[in-house]
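What follows is each chain in one-letter form.
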Amino acid sequence: MSSMYVLILIAFGVGLAAWLLFLWTVKSGQYDDVEGPKYRMLDDDDDESRPENIRPL
Amino acid sequence: MPTCDHCLLEFPERDAVRSGNNGTSRVFCCHGCLGVYQLINSEGLDDFYRKRSKWQPGPASGQTVDLAAFAENIRPAGTDAETDIVLDGIRCASCVWLNEKILMKTQGVISAQVNYATHRARIRWNPAEIGIEAILKRISSIGYTPKPFVAKAYEEEQQRASQDLLIRFGTASFFSMQLMIFSLALYAGYFQGIDDKTKNIFHLLSLLLTTPVLFYSGWPFLKGALRGLRHVTFNMDVLIVAGAGSAYLYSITQMFTGGEVYFDTVTMIITLILLGRYIESGAKRKASETIARLLSLAPQEARKVLPPEKGDIVAIGMPHRVMTPVPSPVPGDLLEVIPGERIPLDGVIREGASEADESMLTGESLPVAKTVGAEVFGGTVNLYGSFIYEVSRIGNDTVLARIIRAVEDAQSRRAPVQALVDRVVRIFVPAVLLLSLATGLYWFFAGTSPSLAMMNAVSVLVIACPCALGLATPLAILIGTTHGASRGILIKGGDVIEKSKRIDVVVFDKTGTITEGKQALSFFRGSGMSDDEALHLAASLERLSEHSISKAFLRATGSRDFSPVSHFAVLPGKGVRGEVDGKETLIGNHGFIASACTNQSLENAFPVEIMNAALAAETAGATVVYLSQSGKPAGIFFVSDTIRQEAAAAVKMLEHAGLDIIMITGDGQNTAMAVANAVGIKTVLARRSPIEKAEEISRLREAGKRVLMVGDGINDAPALVEAEVGMAMGRATDIALESADMVLMRADLRLVAEAIRLSGKTFTIIKQNLFWAFFYNAVAIPLAIAGLLHPIVAAGAMALSSLSVVGNSLRARVR
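If you read the sequences in order, they're chains A and B. Per the working numbering, residue -2 is the first one in the first sequence, and the count goes up by one each step. Per the working numbering, residue 3 is the first one in the second sequence, and the count goes up by one each step.
No wet-lab data here; the hints were simulated from the structure. Cβ atoms here follow ideal geometry from the backbone N, Cα and C, with glycine treated the same way. Watch out, some of these pointers could steer you wrong.
Below, a sample of chain A positions facing chain B; criterion: calculated Cβ distance under 7 Å [said to hold, decoys possible]:
no., residue
1, W16
2, W21
3, D30
Given only the sequences and the hints, what does the whole structure look like? Please build it.
Shown next, in the form of structure tokens:
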């Protein structure tokens, strides 16, 4: 029986952590721009080893 | 005409600025673009040119900025400083990338983030190393104009409301999920048995988890219900609160008597309805961001021309200018606009000439030529030349202001089906309340215990609350419009879906809709030289002309290698002349070339079939031009607007769907008939001005027809507005989206039929959703009245109606 209470507590703890994380993401403005990130991930940072990125003199 | 390697605008050859950097030759339309290119290149950010995809042509603006307005927006962030600014000139995702990169490479800048949706940048820097002035200069040096971010109160309010809703919904979801652990155990206990101690503990935990959902997440509903009751109206909120609240109170009483509890019902009602509201608010926020962007188009300052002193002349580039804030000019004032600037207010050009980029107002991506007497519009960009113009409209009368108002109006429009739901709710809510009361009274007087009578009354309230109702309309519209967008159909809102599914007549504009809207060479033949030689010669000459026909020649040759031309001249109304290899060469209309052909008659130069074809083509709306060299005919060219390939198939699709099809155009009857016959349209209204087009639409509507108008949104804007559903086609700007009800992103006429079909389907799904939202609950009401309702039935009805609504909505995606 007591194992059940432990499990309930664990479940509540995990859920609580997720909730707090969610509140933090909203408050820190991570939902303010939902358009940009999908393009941003396609922008590779400069990779100097790629031949077309070597700057001509 | 060459295309600028930076801004992608086409420009006359003589303005070209060349740069022979690192072996590759680049060509620019102005020194501004060259400067931007050199800076981007020197920073090693050449990737920008490879990455940009949805770039709309436009020159580098690089305006000077007013520092004072930015200074008040700077706030300290620890030892750093931070500010929000708006970047004018963001056109694609690569612009975001470029701005972030160039700022991050600037010494002293700690972070720079550009919001793609709002064009807003948040920049953080170390004030000891760099000042705001240098940062702004950096931005304008790559061709973007930083503008102070003025927080609009209503916009902030909306942002806050949306965030608040998201937190309330997230919180409700979290507690609902926790609650489900115990509810599931209690359901299992209902069937298999559960010891009283565990059951009581679970009941208590359930109560603890439900309370914040009802009183925190459900607070907007409680407030709305209170407001409704105070005005004795029964709104949706009353129903939600009656259902959730009575389930909550009843469950608390059940905790003491050992009965079954309804806590999960309480949280589910609130969570699902909050989800529906959040979806709706997201759509609203998107629309208001469009308004914010429109507002930011209007310049803050105007260059006012002072009245001339004695002996002075008011000419372009002369002194006597003063920068004045935009609200101050009145109609009649003279303003000067220099290249690259936004035009501050509407007016008429008095001196000078230029071209204006009016894409933000019309969606037309080609620059519009402006000469003395032409109207210019506030918010549009002056491209090449300086001019002085007289202000004609200010404040709320400008075209830009009127468009903003139209957008605001559009936002407040609701889907009529939602109004129907509201009407049903107004009857449904009091009916349920009365039914519940009657049930309680019946059981009380039938002699059962008061607590059992109360339970039955509460059961009616709980089961009648259709929690899926809040989701039914927004979810279907969301999925329908998203699916449409993925196929290139942008749908404005719920009311558009409802209107487009019962259309009787489709009216097409001709130019730019059924036809491509640009001139193309449909036939050419040389005389005394090969066909290709004639074309090459003509293109070499036409390259220097800015007539609309010249582009047809350049497109047809596809080469950039032209013969040098000297002594070039334009003869308005006739054609052009120039010398190629020392030989006088002319291109022009029949009369002009015929009189110039002194060595050989023009009439005998080409076979009689070709001359007959030329006559036929001219009656069908084509332009026929002739080429001559050294007084001898050298070529004949047919230039016409080509019909879209898929037009005939699209017309057939619409006819198949049982719709009447009409073509309307400003062209003459012969031209119109030729096009209509080619695509299979039987009814043609020719020679109609833009205003007459709108009148024809309203005439059709008076005759009881429901009209969908398809146009390119340029010369048929009034008709688009007048029609039940206005559909703009081609390049979609935010503003085109807001002035038409639907926008076809791809220039493909078959999308018209597709859009009508999609609307019909989405609307059917909305109706089905509303049915399912009510169905299970309504069926269970008799059980509740009869006192036979088990909690498992209530929970099952809840879950089933929600699942039916969600599952049914997803069908909108399937073909």
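For each hint, the structure was consulted:
no. : hint : result
1   : W16  : 4 Å, holds
2   : W21  : 11 Å, violated
3   : D30  : 4 Å, holds
The earlier numbered hint that this structure contradicts is number 2, and it is the only one.
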